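Here the protein sequences come in this chain order: A and B.
To convert, take the position in the first sequence, counting from 1, and add 39; that gives the numbering used here.
To convert, take the position in the second sequence, counting from 1, and add 39; that gives the numbering used here.
These aren't lab readings, by the way, just hints derived from the structure by calculation.
Since this is a predicted model, take the numbers as computed values, not measurements.
The hints are all genuine.
Result set (SDA-like, lysine to any residue): computed pairs, CA atoms no more than 20 Å apart in a straight line:
| hint | chain 1 | residue 1 | chain 2 | residue 2 |
| --- | --- | --- | --- | --- |
| 1 | A | K194 | A | A182 |
| 2 | B | K101 | A | P94 |
| 3 | A | K101 | B | W90 |
| 4 | A | K101 | B | F85 |
| 5 | B | K86 | A | Q88 |
| 6 | A | K86 | B | Y98 |
| 7 | B | K86 | B | P129 |
| 8 | A | K86 | B | G89 |
| 9 | A | K194 | A | G146 |
So the derived list for chain B, only partly shown, Cβ under 10 Å to chain A, looks like this:
| hint | residue |
| --- | --- |
| 10 | V84 |
| 11 | A87 |
| 12 | L97 |
| 13 | P99 |
| 14 | A100 |
| 15 | K101 |
| 16 | D231 |
Derived DEER-like restraints, expressed as beta-carbon distance ranges:
| hint | chain 1 | residue 1 | chain 2 | residue 2 | range |
| --- | --- | --- | --- | --- | --- |
| 17 | B | K194 | A | R107 | 29 to 35 Å |
| 18 | B | P119 | A | D142 | 44 to 50 Å |
| 19 | A | W106 | B | A87 | 16 to 22 Å |
| 20 | A | G64 | B | G230 | 21 to 27 Å |
| 21 | A | A148 | B | G176 | 55 to 61 Å |
| 22 | A | E117 | B | G176 | 47 to 53 Å |
| 23 | B | D91 | A | G144 | 48 to 54 Å |
| 24 | A | A186 | B | E205 | 48 to 54 Å |
| 25 | B | G161 | A | E117 | 40 to 46 Å |
| 26 | A | E115 | B | L177 | 36 to 42 Å |
Yeah, the Cβ is synthetic: ideal placement off N, Cα and C, and Gly gets one too.
Number of protein chains: 2
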Amino acid sequence: MNDAALDFYFDFASTYSYPAAMRIGALAQAAGVTVRWRPFLLGPVFKAQGWDTSPFNLYPAKGRYMWRDLERVCAELELPFCRPDPFPQPSLLAARVAHAGFDDGWGEAFCRAVFAAEFGEGRQIGDESVLADLLQGLGVAPAPALARARSEENKARLRDATAAAERAGVFGAPSFVTPDDELFWGHDRLGDALAWAARTHPR
Amino acid sequence: MNDAALDFYFDFASTYSYPAAMRIGALAQAAGVTVRWRPFLLGPVFKAQGWDTSPFNLYPAKGRYMWRDLERVCAELELPFCRPDPFPQPSLLAARVAHAGFDDGWGEAFCRAVFAAEFGEGRQIGDESVLADLLQGLGVAPAPALARARSEENKARLRDATAAAERAGVFGAPSFVTPDDELFWGHDRLGDALAWAARTHPR
Chain A
40 MNDAALDFYF DFASTYSYPA AMRIGALAQA AGVTVRWRPF LLGPVFKAQG
90 WDTSPFNLYP AKGRYMWRDL ERVCAELELP FCRPDPFPQP SLLAARVAHA
140 GFDDGWGEAF CRAVFAAEFG EGRQIGDESV LADLLQGLGV APAPALARAR
190 SEENKARLRD ATAAAERAGV FGAPSFVTPD DELFWGHDRL GDALAWAART
240 HPR
Chain B
40 MNDAALDFYF DFASTYSYPA AMRIGALAQA AGVTVRWRPF LLGPVFKAQG
90 WDTSPFNLYP AKGRYMWRDL ERVCAELELP FCRPDPFPQP SLLAARVAHA
140 GFDDGWGEAF CRAVFAAEFG EGRQIGDESV LADLLQGLGV APAPALARAR
190 SEENKARLRD ATAAAERAGV FGAPSFVTPD DELFWGHDRL GDALAWAART
240 HPR
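Only chain A is shown next, with the shape it has when bound in the complex (with noise of 0.2 Å):
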């Protein structure tokens, strides 16, 4: 754990987290800050909150205009985009299993490989075999891999990454928690976020 890093938490099937986790990196390094990504579960902070599901699906005028939105946002920064179907994508095993690379120095890219996929491609993530051939493009034996991802330890991780969530006063993804606990939401503050974390914990 580094006392200096942004935390970063997001949830693979949350909308906004794909163009944050597509450029957290680059503009940290250019911000001179160290990022620790933490996914975690959406769910039990929206059930808090009284939603069953996303509330782009609750709300549909906001859910239109997210769609739109994201649209916009995506081809504005050139990531490519394709509306996932079913929304919300199940992320839980997706999660579990970037916990398990973070030791293993692939988490990053397993998480980045996820968002493309998902948002970028249409896959469906809640599936092991998107998974599996997702972490073999990387370089990585998927069956070891996911059973680490499905140990005890690493089940603890992420529901452990979720209680820190609600601790820091998260209630949606993407959020951005600087060393002096300002929590920073969506991807518009990504900036602001480590702006803040540069000015007050240079590396």
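Guided by the hints, dock chain B onto chain A, whose structure is given.
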């Protein structure tokens, strides 16, 4: 009505409408875009989503975040900030007065004065005496302006603006609608909305 104008939908009770209202004049001029100010009422729009007050009150984690974020945004923009109490402020009368003022050329200045009083000084914008004071500060005789604000013709304007917002897909404020019906939501999208309008409908 100007077909080549960006429609700026806002409610005087809306927090992020404050920085948007204070900035849009200068930014629109720089972008070469004409703006039509359209105060409307969020109440009916929220009711359609099942909410009887601001989502910032209904979802406390989101509300706590918004107040801190708004404080940061205002500090960055060097706008005075004072959290209104109670929140949301009753915005009906201010919206009616604004609509009465657009014909006379003091509508936009009045809107800025209301936002500055509410979010910069914590004044009660639901009080007629506060609005009268703001009108006086603009050199506008309060009594006839308030009488005109309450005329049936003027009340209908506010209802029309709210209906137009709903037709345009507006679900929150501030929102911006371009001449080719692109919707942009939030103070964060002000620059994008102006750029879109400038690109597709050069003046």
